[in-house]
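Peer 1: So the protein lines, in turn, are chains C, S and V.
At position 336 of the first sequence the residue is numbered 336 (my numbering), and the sequence of numbers has no breaks.
In short: position in the second sequence from 1, add 1000, done, that's my numbering.
In short: position in the third sequence from 1, add 2000, done, that's my numbering.
I should point out that these hints are in silico values taken from the structure, not numbers from a laboratory.
We treat Cβ as the ideally placed atom computed from N, Cα and C, and that holds for glycine.
Hints are supplied without guarantee of correctness; some may be wrong.
To be verified - Below are the DSS-like pairs computed for lysine-lysine, each with C-alpha atoms no more than 25 Å apart in a straight line:
1) S:Lys1383 to C:Lys21
2) V:Lys2100 to V:Lys2075
3) S:Lys1383 to V:Lys2086
4) V:Lys2075 to C:Lys198
5) S:Lys1385 to V:Lys2086
6) C:Lys21 to C:Lys7
7) C:Lys21 to S:Lys1385
8) C:Lys333 to C:Lys43
9) V:Lys2075 to S:Lys1385
10) V:Lys2075 to C:Lys278
11) C:Lys43 to S:Lys1383
12) V:Lys2075 to S:Lys1383
Stated by the list, open to error - Covered stretches of chain S (in silico footprint by chain V; criterion: 3 or more residues with CB under 8 Å from a CB of chain V, positions within the stretch not fixed):
13) 1017–1023
14) 1214–1225
15) 1275–1281
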Amino acid sequence: MNLTHLKSVARKEFRHVLRDKQTLFVILSLPLIMMFLFGYALKSEIEDARVVVIDPHPSDETRSLCRALDENRQFALAAVETGGDPAKLLVQHRARALVELPVDYSRRRDDAPLPIGFVYDGSDPATATTLRAALPAFFRTHFVGRNKLEATELVTTGTRFLYNPDQKSALFFVPGLMATILAMIGTLLTSVTVTREKELGTMTNLRLSSLTASDVIVGKLAPYFAIASAVGVFILLIGRLAFGVIPQGSYGLLAWTTALYLLVSLGIGLLISTIVQKQQHAMLMGLGITMMPTIMLSGFVFPRMSLPAPLYVLSCVVPATWYLQIVRGIVLKAATLKELWLPALVLGGQAVLLLGLASRRFGKEH
Amino acid sequence: MDVLRRFLALFRKEFLQIRRDPGSLRLLFLLPVMQTMILGYAMTRDVKHIALCLVDLDHSSQSAALSHRLQTNGRFAFQGNLPSLEAAREELLAGRILVAVAIPEGFAASVEGAIREQEAPERSTNVMVVVDGQDAATAGTAAAYTSAIVSQWGTETFQREVIGQGLDARSLQPFDARERMLFNPELEYSWYMVPGMIILLVTMVGALLTAFSIVRERESGTLEQLLVTPVHPVQILFGKALPYWILSQLVFVIALSLPGSFYGVPLGNANVPGLALGVALYCLTVVSLGTLVSTLVSSQQQALFLIWFALIFFILTSGFMLPFESMPGWMQTLTEGNAVRHFLYLVRALVLRGASPFALIPEYLKLAAIGIGFFTASVVLFKRKAA
Amino acid sequence: MSAFSIRTKGLTKRFGTFVAVDGIDVEVKRGEIYGFLGANGAGKTTAMRMLCGLLVPTSGEGQVAGFDILRETAKIRTRIGYMSQKFALYPDLTLRENLKLSTDLYAIPRKLVAERMDEAIMRCEITEMLGRVTGTLPWGWQQRLSLACATAHHPEILFLDEPTGSVDPLSRRGFWDLIRAEAARGTTIFVTTHYMDEAEYCHRACFLVDGRVADVGAPPELKARHGVESLQDVFLAVAAKARRS
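Make a model of the complete structure from these sequences and hints.
Peer 2: Below is the structure:
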C-alpha cells in the first residue's frame, strides 16, 4: 500500500463528496430531525387516550366520575352517551375504550358489586393492554372509601430504576439513533458511490493506473469514514446540548468502538458494491439489509427479549445489536472494556470478516 | 390522438425497461415480502421472557407464596434466588437479569397483621422492585407488570383470608368488571404492525424507483433528448409515474396477502373496493413523491438520501410504531399532510376494525389531495428545470 | 418561405453574472452545413440549446424553421432533429426499439412508419444488429443509430452537438459522409464541434470566442482573411484574445 497513492485517491474522493452539498445537508439534518422527534414529539406512554362513557342514567355521581376520568392524565373523555352500540362507536374510532355504566349506578348497594362494562379496541394491542390495566385501576382508586370494606392494597411495590432513575427517554433513543443512523449512512454512502463508479466506467481508469486494490479501497472509504464519524460526533453533541445526555464512561472507548462499528458498516457497503452492477440495485440491497434489521432486531425500539428464538439468533448477527449494547453501556453505566469485551470482539470480528471479503472480491474484479 | 400515441410510446418503453431489469424486480418484490415475513414476529412491544431474580429475606410461608407466584408466571424467565440485595445488584449490573424483586424481612408479620385487622389496612407491606433502566420502554413495562402481579397477589391473599373468616369477599370489590376486547381479541401485535411495515417498505421502494428512473434519464441525457421532441413535459412525467404506480399497487397487494395470511391478519374483514381505492390513492402519493424528488436532485445518490430523509420523517410521525395520539397536538396537525399516516389509519380501520369505506371518506380525500398536490408540484418544477 | 433556416439577433444567455452567450447574430441558409466552432466553454452548446428550445434566452430574438424561439418552441420541435454528445439512447432497448420510439415521439403517420424506419436504417448504415440491445453496440453503431433516430421524421434542420466526440478518426470521416448526404437531401445542418479539421466539411463556419461571434464565413474565405493554411490556424488567430477557455 502506497501512502502517496492512497492520499491522492482519498483527496479526490473527499473533493467529490464535499461537492454534493445537498446530500451532506440531508446527512446532517436527519439526526437533528430524528432527535427532535424522539425528544419532543414521540412518546411511548399513553396519554389522553379517548374514552367514551355510556351512562344510561346520568346523575351527580356519574358526572363527577366522568370529570375525574377526564382530569386523569391518561384519559380524555371523548363523549358521554346515553346509549349506543359499543362496537359501532369503536369501529368509528371515536374512542379507544368504552365504559358502560349500569342504570342503577347512584344507588348505593353495599352487598352487590356494580357491573361495569369495559370494551376495548384491540386493534392497537399496545394501547389496549395499557388501557385494560389502567381503566379498572382508575375505577378502583375512584371507589376507595365507598364501601364499608374498602378496596385493599395489601402489598405495594416501590420501584427503582437503575442507570436511568428519571426514565429519561433521551438516554434511550440517543444510543439507538447512533446505531441506526451510522449503520445506514456508512452502508448506503459506500455502496451507492462505489457502484456508481462501476456503472459510469470510471472504475476502469483506476484499474489501468498503478494503484493497488488496497490503495483504492482505503482511499475511497476514508472520506465516508470521516463523514460518518462527524455525524456520530454531531449526534452526541446534540444529545448533550439539547437533552443533557452525558456519557458516564470513557470517551476513548466510545470512540474506537464506534470506529469499529463504522468499519463494519463500510464493509457491508463495499461488499454490496462488489455484488451488484447498478446503483439502483446497490441502493435497494443496502436499504434492505440495514434498515429493517437494524431498527427491528437490535433492541432499539422493540425489546430483544421478546423475540422468538430464531429471530433472537438472527439479531445476534446484526452489528447494531452489539454496538447498541456498547453505547448504552458507556452512556448509562460507565461500562468499561471489562464488561464490553464481548460486543467489541464481535464487532472487530465482523469488521475483519466483511472488509476482508469485500477487499478480496474487489481485488478480483480488478 | 398524437398525444395519446406519444404517451403510450413512453409508457411502453418504461415497461420494457422495467421488465429488462430483473434484478430490481426481484428486489422490489422480495424485499417487502421477505422482510415482513421474517421480522413480523419481532415487532412487538410486549415484554416477554423477563429475566427475574428473587431475594427472599423473610423466609416465611407468605414470602414463599409470593415467590412462587412470580416464579411460575409465564412472562418471567426465573433466574434463581439470591441471598442479598447486593448480589441482585451485581446481576443487574452485569446485565444478566432485568428485574430483581426483594421481599423484606418482616413481610409475613406485616401481611398477617393486616389480615387480622380485616378492614382497610392502615399500612401496606412494601416489596422492592429494582429494574435495569437502560431501555426505558422495556423497563417501564416490566416494572409495571411486576408491580401488578405483586399487587394482585396481595389482593387475592387478602380476599382469600377474609373469606376464610366468613366475610363476603364480593363486597370487597365495589365493582365487577365485565371485559370485552374487540377487533383483535388475542391482541396479536403482528396484526397491528404488519400492515405498517408493508406500507413502509413499499413506499420506500416505490418512491425510490420512480425517482431513480427519472434521474437516470437526466444523467444519461435521454431526458434532454425527449424534451427536444414534440413530447410535452407532462407526458414525460405521466409516462414515468403510471408504470410505477401500477407496479407499486401490485407489490402492495402481494406483500399484504402473503405475510398477511401468514400472520393471520384478518384480511377478509376488509371491504375490498375500499381497500383497493385506498391502495391506488396511496400509491399515487408514493410515485408523486418520487417524481417530486427527481426535480430537486441531480444524481441518484441525492435522490436516495432525500427520499430516505422524507420517509423517515413521515413514518415516525405516522403512528406506525408509537401511538399517534401520544404526539402533541401541534405535531398531529402537522401530519395532516402525511400520506403514510392517513393510509395507515385507513388500512388498520378497514382490516382490523372492518370499518365501512364511507366512514373513511376524509382519509380518501386527503390522500387524493396529497397525491395530486405532489404531482402538480412535480410538473411545475419539472417544466422549470427543463426550460 | 425564408431563405434562412435559422436567424438570431442579439441572442444572449446569462447565468447569474456569467454571460455564456453574448448577443450573437447568426444566419444559417437553408440546406447548408453550418459549423459552430470554438473552445470548450465558449458558449456553443448553450447557443444551440437556445435554438432547440431547451433553454430560455435571457434576451434577444431568433427564428428557427420560421418559428419564434421564444413563443413557438412546440412548433419548432416538430421540425428539428437533435443529436447530443452522449448519443442519448436507451441502453436497454434494442436498436429497432429505440428507432421505433423515435417514430412514435414524432408521430410519423402510421402508414409511413415501416418505410421510414427501413429508410433510416439504410441511410445510416445500421442494417445489421437490429435486435441487439443498444448498450452492447459498438460506439460507432450507437452514433449512427442516434443519427437515424434524429432524422427518421425528415426534419428541416438537424442540430448536432459535438457528434464525433470519442469516436476514432476513421469513423469520424464516415460519419461526416452521412452528414453531407443528409445536407444533399436539403436538410440544414447546424453542428458544433471543437475539432477544427471537421470544419473543413462545412459550407460556412462561425467561430465563437467568449460567447461572441469572432468571425464567420466559408472556410476558404476565412483562411484567406487570416492568411493561414488551416482552420485550426484561423481559430488560433481568432482565439488569441480569448479570456476563457
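Peer 1: Compare the structure with each hint and give your call.
Peer 2: Hints versus structure:
| no. | hint | in the structure |
| --- | --- | --- |
| 1 | S:Lys1383 to C:Lys21 | holds, 24 Å |
| 2 | V:Lys2100 to V:Lys2075 | holds, 22 Å |
| 3 | S:Lys1383 to V:Lys2086 | holds, 22 Å |
| 4 | V:Lys2075 to C:Lys198 | violated, 40 Å |
| 5 | S:Lys1385 to V:Lys2086 | holds, 20 Å |
| 6 | C:Lys21 to C:Lys7 | holds, 22 Å |
| 7 | C:Lys21 to S:Lys1385 | holds, 19 Å |
| 8 | C:Lys333 to C:Lys43 | holds, 24 Å |
| 9 | V:Lys2075 to S:Lys1385 | holds, 20 Å |
| 10 | V:Lys2075 to C:Lys278 | violated, 38 Å |
| 11 | C:Lys43 to S:Lys1383 | violated, 42 Å |
| 12 | V:Lys2075 to S:Lys1383 | holds, 17 Å |
| 13 | 1017–1023 | holds (count 3) |
| 14 | 1214–1225 | holds (count 5) |
| 15 | 1275–1281 | violated (count 0) |
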